[in-house]
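Undergrad: Listed below, chain by chain, are the residues.
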Amino acid sequence: MPESANNVKQIAGDDASGTQYLTCLLAGEQYGLNILQVQEIRGWEQVTRIPNSPPYIKGVINLRGTIVPLLDLRLRFDLPAEPYSKETVVIVVRASDRKGNERSLGLVVDAVSDVIVARDEQVVCTPEFGANVPTENIIGLVSEGDEMVMLLDIVSLLEMDADEAGGNRG
Amino acid sequence: MSIDMAQFHQVFFEESFEGLDVMESGLLNMDPGKADVEEINAIFRAAHSIKGGSGTFGFMNVSDFTHVMETLLDEMRDGRRQVAADAVEVLLQSVDVLREMLTAARDGGSADETRAKTQYAELQRVLADKQAGDTEAEPVKPVSPEMHEVHPVGWKIVFRPHSHLMRTGNDPLRIIRELATLGELTVNCDISELPAFEEFEPEDSYLSWDLRLQESTDKSQIDEIFEWVEDDCDFAIVPVMPEGYDATATVSSPAASAQVEPVAQGKPHLSEVPPPEERRVTDERRSEAERRKAPVAAGGSSSIRVDIHKIDALINMVGELVITQSMLGMLGEDFEMSRVERLREGLTQLERHTRELQESVMQIRMVPISFSFSRFPRLVHDLSSKLNKKIDLKMSGENTEVDKTVIEKIGDPLVHLVRNSLDHGIEKPEERLAAGKPETGTVRLSASHRGGNIVIEIRDDGRGLPRDKILKKAVERGLVKADDNLSDKDIYDLIFQPGFSTAEQVSDVSGRGVGMDVVRRNINELGGAIEIESTPGKGSAIIIRLPLTLAILDGQTIRIGAETYIVPLVSIVESIQIQESMLNTVVGRGETFTLREEYLPVVRMHEVFGIENHDAKRLTDGILVVVEGEGRKCGLFVDDLLGQQQVVIKSLEANYRKVEGLSGATILGDGSVALILDIPGLMRLAKQGGARTRTPLALTA
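So the sequence lines, in the order shown, correspond to chains Y and L.
Mind the numbering: the first sequence is residues 2 to 171 in the working numbering, read in order.
Mind the numbering: the second sequence is residues 624 to 1324 in the working numbering, read in order.
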């Protein structure tokens, strides 16, 4: 997937020593987020549900006066849902979408685990699985010890709910 | 001094434009033949202050022009002159010319002088008309502002740079070279100031020059060259008059009237130029320079006029805030647990005041839409006579408050739409009579707040949109296929395609096919939407919906199950508890209730929004909030009414997306988020009913 490779480069920036990724746990799997796009990490809190939204959109919260939607990554990736607990973590990410608007989004994950450094050339493309394994939100894979970390494409996560809106309405 | 003047310029222009608006609307209201003294007085006052202001700020052409208008108005005011239709027409045109002049003065451009002159002559003609009634046809010599202009044959320039001139990055040589490009230049250098060699500072300037330009150029061209150094040198520009010319006469046009005594011969020395005159020259030139700088200022900061009550409320609130703050301060000085209750009280108060303050500050940005609407009476007046149509313009909701940025951006699209209505919508009087309609067409312009939107409607009772013609044209242009199954709405939407026009003839009013796409783009940029309704033969309506991004809304908090929503107070008709007897069903499912002879549908909010655990299962247990949106009413079935409060609208779209049935979100006192209902959207949602709302329900279940 040449497009994915492009995305990696774009996100990774030109830091020679590599890019830092915040890794988090989701149903036993490791996911990485470009640390520059991470705004803050919060605990799970009560949300205001948005009617008629997809199930993975849990609702909106008040983040110091801004309304920020929370997206449950487990539900987004069709992983088994887990009840929220004290340990449930919300990673607030902020990035420009393809139209250039800065948008914030809260990602609900099981736990935050580590910060890893990966150089661009260490990132390998996601293998193709076909339609039953959705990989459009993953820009690449990187090995950390003997574990595999999936790097999330935050921009596409931001976009997706907008696309969904069009699809729903049409 | 001169810089201080610049800051008043903006105020002057703003006031002048307001004055022009006053004059315009006054003139439009004036019935020919009947002089309403109050009206004329208002117009006269506006004209007078424009004249005064422009005189003060050196816009002589404006002040001369206004003077003639004023004379005319004065005669009308004193009853010495009948208010004739043609005089009013001429005055209206003069207002336009004046506006053009002022715009040109503000933006540093130059007004269309020929037009100004013609209009000036026209005014003089009207003024003379009355005298023509008394004394038979006395030829009136139009005294144009440029009349007694005599061109000098050359200029004498004394240029004495201050010693620091070169340190400001200027070079006298460059100035002299530029002067030389204007015409033949004789240069005499004065080296008397040169110090002894050992005292010589390399970066100082010691020279001064007497220059003589043998060319009758415009003074402003010379001024322009000196523009950058005017604060760093002494200089005088003196016209050299042709032989035999009476040197005491006024020189040059009033706009740049440099009334320096012409020094025709003899070696001019700086001290020979009388100081006050000299200052006048520089002031004159400065004001010109400022005019050039003005557009920068106009673009950088725009001001806003705020109702004094809003400011007073703000000051009161700040006062209360200060009191609360000092109370809390005292409480904090020696605090003990027994006073925690008072601390809590104080904090609540502080929170309330802060919120109120925030709201009031935001209110300041809101201005009534009449700022945008006020231009339409004139537009309709002019266009209807041009198009030979009889048109009545009715406006409503002019006091609807809109964010200032919206006002600025919505003006042009509105003008375009109103012109379209007049040109394409309203038929010619004969045609109207033949169709059994009143001869005079009506265009209605209205604004209102609805469901978190500002809705602006332009409605006419004309012929409606030509559906078949649009379709034919679209097929011709390959936008759609002839056998496409298109609804009326889809077809009307085609007119927003770039370059689309069905007008057989291009008039100068409309028909070029540019515009509707631009209108839509402008409105989309504001985050709004535009919609067309049309009934053939009955008329059409353009409905513009704009979001209130910065607005504050009076809301009613409602509860459904464990969820809280805000209903905009403006959409609520009333809230009732209904009796079994009021209820009916249509085909066994559609629930309706009767309210004062009306059958209104019930919208069960928990169904539309998929809310579980709502407590009122039967309609008689809960409360029906009767709401109105887009002319339709319905009853929202909710569990409870919680209270009314002002809420600050926050965008859901900024980080999420547009959600049907919601216009935004707000943050409640406890920090939680509550969603604001969009009543028309909610009605659409409820109408689409089952399939769409049930699916997410099934998913969450």
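Hints were generated in silico from the structure; no laboratory data involved.
Everything numeric in this text was worked out from a predicted model, so none of it was measured.
Misleading hints may appear alongside valid ones.
[Unchecked claim] Only some residues are given here: those of chain Y computed to face chain L with a beta carbon under 10 Å:
1) 18
2) 58
3) 62
4) 66
5) 67
6) 103
7) 104
8) 105
9) 106
[What the hints assert, rightly or not] To list a few chain L residues with every Cβ distance to chain Y over 10 Å, as calculated:
10) 686
11) 727
12) 1020
13) 1186
14) 1244
15) 1278
In this text, a Cβ means the ideal position worked out from N, Cα and C, and glycines have one as well.
Undergrad: Check each numbered hint from earlier against the structure, then list the numbers of those it violates in ascending order.
TA: Numbers 1, 13 and 15 - these are the hints that the structure violates, sorted from lowest upward.
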